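Student: Sequence lines, in order, name chains U and D. Take the first sequence: its letter number 229 is residue 229 in full-length UniProt numbering, and every next letter is one higher. Take the second sequence: its letter number 49 is residue 49 in full-length UniProt numbering, and every next letter is one higher.
Calculated directly from the structure, the hints in this document are not laboratory data. Since the model is a prediction, treat every value here as computed from it, not as a measurement. Ideal placement from N, C-alpha and C gives every residue a C-beta, glycine not left out. Do not take every clue at face value.
[Stated by the list, open to error] If you want the footprint, here are the derived chain D segments under chain U, 3+ residues with CB under 8 Å:
#1 121-127
#2 283-297
#3 371-381
#4 390-398
#5 455-462
#6 466-479
[What the hints assert, rightly or not] Here are the simulated DSS-like pairs of lysine-lysine, each with C-alpha atoms no more than 25 Å apart in a straight line:
#7 D:Lys327 to D:Lys262
#8 D:Lys418 to D:Lys12
#9 D:Lys227 to D:Lys199
#10 D:Lys227 to D:Lys173
#11 D:Lys482 to D:Lys568
#12 U:Lys118 to D:Lys418
#13 D:Lys482 to D:Lys493
#14 U:Lys8 to D:Lys227
#15 D:Lys12 to U:Lys8
#16 U:Lys8 to D:Lys199
#17 U:Lys118 to D:Lys160
[What the hints assert, rightly or not] Beta-carbon label-pair distances, calculated as ranges:
#18 D:Lys413 to U:Arg201: 36 to 44 Å
#19 D:Ile584 to U:Gln230: 58 to 66 Å
#20 D:Gln403 to U:Glu185: 42 to 50 Å
#21 U:Pro29 to D:Pro286: 28 to 36 Å
#22 D:Leu524 to U:Pro227: 49 to 57 Å
#23 D:Lys413 to U:Gly250: 30 to 38 Å
#24 D:Thr589 to U:Glu185: 33 to 41 Å
#25 D:Lys586 to U:Arg201: 33 to 41 Å
#26 U:Ala7 to D:His202: 48 to 56 Å
#27 D:Lys450 to U:Asp162: 53 to 61 Å
#28 D:Arg409 to U:Arg165: 34 to 42 Å
#29 D:Arg409 to U:Glu185: 38 to 46 Å
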Amino acid sequence: AMEEVCAKFVSQKISKTRWRPLPAAALHPPDVFATGSWDNEDNRISIWSVGDLGNAGVNGEYQGEPQLLCDIRHNGDVMDMQFLDQERIVVASSTGTVTVFRHHQNNQTLSANHRWEKAHYHVDQDTSCGGAACTGVVCNNPEIVTVGEDGRINLFRADQKDAVRTIDNADSSTLHAVTFLRTTEILTVNSIGQLKIWDLRQQRNEPSQIFSLTGDRVPLHCVDRHPNQQHIVATGGQDGMLSIWDIRQGTIPVSLLNAHEAEMWEVHFHPSNPDHLFTCSEDGSLWHWDTSTDVSEKPSFLHQGGRSTAYFSHNTINQSVISAWLSNDPTKDRMEITNLIPNQTLSVNSLDILGPCLVYGTDAEAIYVNRQLFA
Amino acid sequence: KDQDIYIQTLRKLFNESHGIFIGLQRSDEELAGKSRRAQLVQVSKNYRSVIRACMEDMHQAAISTRDPALQSQYSTQVSILSAMELIWNLCEILFVEAAAAGPLLLRLLDWVRLHICDVDNMVREVLSSENPSKHELFWNVVDVFVLQGRMDEARHLLSKEASANPTSVNMYKILDDLMKKMPMPSLGNTQTLTEMELKWQHWHEECQRYLQDGTFASNSHMESICKILLGDEDAILEKKELMTTWYHFLVTRLLYSCPTVKPMELRFYAQSSMDLFLGGESSPEPLDTILMAAFEFEMHQVIKECSIALSNWWFVAHLTDLLDHCKLLQSHNLYFGSNMREFLLLEYASGLFSHHSLWQLGVDYFDHCPEYGRVYLELHIERIPLNTEQKALKVLRICEQRQMHEQVRSICKIMAMKALRNNRLGSALSWSIRAKDAAFATLISDRFLKDYCERGCFSDLDLIDNLGPSMLLSDRLTFLGKYREFHRLYGEKRFSEAARLLLMLMTAHIAPCSFWMTLLTDALPLLEQKEVVFSAEQTYELMRCLEDLTAQKSNKQKFQDEDVETTKVEMLRLALARNLARVIVKEGTLEGS
């Protein structure tokens, strides 16, 4: 319900929000998240806590409101961010530097643990070496993969000073995002509308497969892989279009879904409930895409947000085998799409979902937390 | 870090109020009468709650900082914010809600109670003491309650006095009764104004009688309270210290002499209250002038005085916009044609644009300035530094949504040039496609072709092979794509298709003239194939192309390359002739059988 969303104005434009991962045996919902800011002279990485930390805070604040645990200065805009493990978070900067920060929980401080300066750079004809923004980072402890505006792919290991591997000029355009397909393969998306698979075991500096959009080569900004069915990939484009790809077959998307009116910045399959997908956009909206067919499963938090249902074909019979995301025979079943933001203003730059909890951040310098997404 | 708190708090103010502002602009203008008014009052309350939240943050900062200079700075800010909220609240009562006689007094009482906090400590002290009625400040607190019209609380305290002092029980009972019976305006429709006035007159006379009978003569405190109830100015003025401001005095006067005061009558009471209260000892401060202007319903004066007194445009811009939505501001044309609301919003938004991060808020404000908003936006948006591609994309989106085509082209060109300098040809192309900039696409294609000629192979095949419909953006780009396709076809040994493509590139004039020699040279291996690739028709075409080319070249001969060029041309002529011979035979034979 609407009341469950807690807003907090934090005096910095938020570029990234990420839940801290839960330990494997944890039974409680996530209660700590990190944010990164952009467009400030003094950008920050901040760690926040929500939920039952006891009673009202020092100033009698509303119990559900995020409390700042600690923060640290960050050089450059925070372009991407991902937790490496419970204590460490890897941050990609617009200066081309990649930093691993450590969150010390005993005294609630953050420190820079490790830094790869100039992980991404341009070789300028005039100057010798200008920084290029690192646009995406993905982790699979201890491996870290980064991509950037320089079209470069780096593979780091958390404890090693130098990159394990670097693919220079992997792409002639900007790489906007990266994610793991399998433990040894990654997916990248770029600014000429291509989705590429790279096999890191192979020594050659070519992608093993290239997919592209039909029609105009609209830049792709984000990518995510279905948590269980690894052949299903979702990407978001500059025109707000959501594309679903089946990478086992063909080189073009399986379906194109029109939702946002501007750049889609992030797309996330729900990690434990992948019939649900979330996207956020420059147009200020955050969409929840629900293909679950079981009516009782439907989340009842749908409220004043703009709501539209689209007829979307999927096969009801072999639900477990063929995912709801791949269109097959046209049926009567529908996919529900809900805008979770009733009064949208400025861009929603980032979102993260874990369990029943959603966190997102906007250019209106606010963070929002909903800990009862499926109540 | 302390320094940041000031800016941080202001940023919250700006961002939260931006959301309220947008909501107001989008709100339903179709709503009429009461519902619209209720909606506008809610907006006003939202703005005030943001100011108060800001005050609270600033206050926390003031008490937690150890630096005395900062503490005084923060405290000053708290005072300013408090004054802002005071003024806004009064404007809400008088202009937005436009409270009518009756409810007007109740609202003003609330207003005073909310903003006179100097006495709170004293009140707390007395109430929490062991024996309140013995406290030396006891009667002060009772007076405070009476002056603020808090009858129930006054009566409650008095009852403690009565139980402690059996001799004054009679007096107390009468006073208590009077206070209980005092008629108050109601918010609902339970009584008309006339009814209330009658009751009040009756009650007033009763108080008068008791006073004149000397009922309270033995207790000066109670007598003074009775006089206050009767609206005796001197009696009320005696309690100056407890009221602290002239506007408190004003409201108390109204409560006890004219509770059904009409909005338009306020000005007279206000002026006299200020004169009486200040008594010629001190002169009015800016805040006093502003409040006075409000009581006089001089809205433009209020805005003008606030603009002078406050150092930022935030307050006047948002307040004026709200008042404009209440349809209260006449189109007061300033000399350059724009109206007051727009002028203030433009000033405020321009200020936002001077901030490295808050410029995004400014965009929405310009959007709602119909006369000059767009021009201002065009000028300001050009000056935003585009540090990263992401930021450029956001600025671009703003421009595209508003059909600012020139700015779109300009930004894309800047970003494309940057990409080109960094040798990111794919990125450069991506920017050209966004801007539909054919000229730039041609530039990039020429770079690719140049690279090819120098190195003998294509760079960035992933790009050229996947141009898709964007190939059509410029002829050169189309050529590049098709030329690469030719190489691919050749690589796949699809020779006749490759041949057809190659010829088409020249005959359809897709290929630039400078490249024809290269293309013809590419034709050589096809001409030398075992199988005949080019038909007679095609061969004649090729020959014609060659002749066209040499004819042009003979006009401008270079000395150094002459030998190489001549050799090439001769080789081509030979190959073409041989091919022609073979193909005539072949075609003749086929026709025969």
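Student: Hints the structure violates: just list their numbers, smallest first.
Tutor: 1, 2, 3, 8, 14, 16, 17, 21, 24, 25 and 27
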